[in-house]
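Student: Can you make the complete structure from the sequences, with help from the hints?
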Amino acid sequence: MKQNKLNNLKTGFTTGTCAQAAAKASVIMLTTKKLVNKVEVGIPSGNKLYLKIIDPKIGKDFAQCAVIKDAGDDIDVTHGAEIYAKVRFSKNNLGITITGGKGVGRITKPGLAVPPGEYAINPTPRKMIVKELTPYLPKDNKGVEVIISVPKGEELAKKTFNPRLGIVGGISIIGTSGLVESKSTDAYKTSLSLQLDVLKAQGFKRVTLVLGYVGENFCKEVLKISDDSIVKIGDHVGFMLKECSKKGIRDVLLIGYIGKLVKVANGQFNTHWRFGDNRIETLTHYAKTFGASKRVIGEIKKQKTAEATIHILRKNRLKKVFAKIAEDVVTRVNEFVGGGLHINCILLSLKGEILASHDA
Numbered sequence: 107m108k109q110n111k112l113n114n115l116k117t118g119f120t121t122g123t124c125a126q127a128a129a130k131a132s133v134i135m136l137t138t139k140k141l142v143n144k145v146e147v148g149i150p151s152g153n154k155l156y157l158k159i160i161d162p163k164i165g166k167d168f169a170q171c172a173v174i175k176d177a178g179d180d181i182d183v184t185h186g187a188e189i190y191a192k193v194r195f196s197k198n199n200l201g202i203t204i205t206g207g208k209g210v211g212r213i214t215k216p217g218l219a220v221p222p223g224e225y226a227i228n229p230t231p232r233k234m235i236v237k238e239l240t241p242y243l244p245k246d247n248k249g250v251e252v253i254i255s256v257p258k259g260e261e262l263a264k265k266t267f268n269p270r271l272g273i274v275g276g277i278s279i280i281g282t283s284g285l286v287e288s289k290s291t292d293a294y295k296t297s298l299s300l301q302l303d304v305l306k307a308q309g310f311k312r313v314t315l316v317l318g319y320v321g322e323n324f325c326k327e328v329l330k331i332s333d334d335s336i337v338k339i340g341d342h343v344g345f346m347l348k349e350c351s352k353k354g355i356r357d358v359l360l361i362g363y364i365g366k367l368v369k370v371a372n373g374q375f376n377t378h379w380r381f382g383d384n385r386i387e388t389l390t391h392y393a394k395t396f397g398a399s400k401r402v403i404g405e406i407k408k409q410k411t412a413e414a415t416i417h418i419l420r421k422n423r424l425k426k427v428f429a430k431i432a433e434d435v436v437t438r439v440n441e442f443v444g445g446g447l448h449i450n451c452i453l454l455s456l457k458g459e460i461l462a463s464h465d466a
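For the sequence shown, the numbering used here assigns the number 466 to the last residue and increments by one with no breaks.
These aren't lab readings, by the way, just hints derived from the structure by calculation. This structure is a prediction, so every number in the text was calculated from the model and none was measured. Note that CB positions come from ideal geometry on N, CA and C, so glycine has one too. Each hint should be verified, as a subset may be incorrect.
[What the hints assert, rightly or not] Here are the computed lysine-lysine pairs in the BS3-like style, where the Cα-Cα straight-line distance is at most 27 Å:
1) K408 with K394
2) K158 with K197
3) K353 with K326
4) K264 with K166
5) K338 with K430
6) K208 with K163
7) K139 with K237
8) K197 with K233
9) K208 with K197
10) K311 with K352
11) K264 with K197
12) K163 with K197
13) K166 with K326
14) K394 with K410
15) K430 with K394
16) K306 with K237
17) K116 with K139
18) K139 with K264
[To be verified] Here are the simulated distance ranges between beta carbons:
19) K258 with F381: 28 to 38 Å
20) P222 with N143: 17 to 27 Å
21) T395 with K258: 48 to 58 Å
22) H378 with G458: 16 to 26 Å
23) H378 with G186: 25 to 35 Å
24) R380 with K139: 47 to 57 Å
25) P257 with T296: 19 to 29 Å
26) G354 with K140: 33 to 43 Å
27) K139 with G309: 20 to 30 Å
28) K233 with G309: 40 to 50 Å
29) F381 with K197: 56 to 66 Å
Tutor: What follows is the structure in structure tokens.
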């Protein structure tokens, strides 16, 4: 595959492109009775790809083969997966019928591009498969049936967002451009946004956003919130809050560890260290605001983690710091999204203790 000129990273191709190429090669083998080792496909972005075919097979009334998913330099659990397409003629259905087999997930919840009950083969891959196979349709009132399968798909799906999205039994066949650019963060954020769509389609009026395992465990063990209604957002606080606002979700429960949420209180909406790490400086500022002595300030400044400051603040009767952080998180969030969100913020220690909460 080609190199991305902007970042010198190798571009790959999607599971949808793999399915498209395997389906085209299979229909060629079915109609010509000749094995195919490579096939050219036109992808949605307008490019053409020449892809290698593996395991080609021609049976009595079918043909099948696979394409190996190449994610380029992207971090993708489906990299190296074998995407199979089996094609056969059908007397019962005219046109082109596309369905899933082993390792391709099924949709169980509304809110996604494919309705519940269908296999998780997204609209763009379906469209491209139809486009490739249409010239090969038989002229004797027969249709063509395409079955997409991924032998290791069920196992791979456990490492994806599919279970949270209500997609069971395998991976999704996806791709809007046909190519995989090396920007996994964007793919991750897309998956997070889709979880909001699923929750909204199920009628949830309030969403619970947690920054990590501390918040997730607190929700499940203390608040008894069901796992499938919790969205674990990692560092992408600002992105997800704006997605909530954009999608008309007005009630948000935001739960996280003090070391992350103190950054939000300071106006940092991606909490990854690359975007800044002023945790101790911010906590020192709050302590000063509530009258901490020079000795206490000096003690706080020596700490390497936000967790280590909790005992110091408690011991010196500075618990108001926690309440102010939670309050400022809510204030900063509404400034960031332009208002309109009802935010309930819960601030936790690493042990999952509630340090403070604020409900605006």
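Student: Determine which of the earlier numbered hints do not hold for this structure and return their numbers in increasing order.
Tutor: 2, 4, 11, 13, 16, 17, 18, 20, 26, 27 and 28
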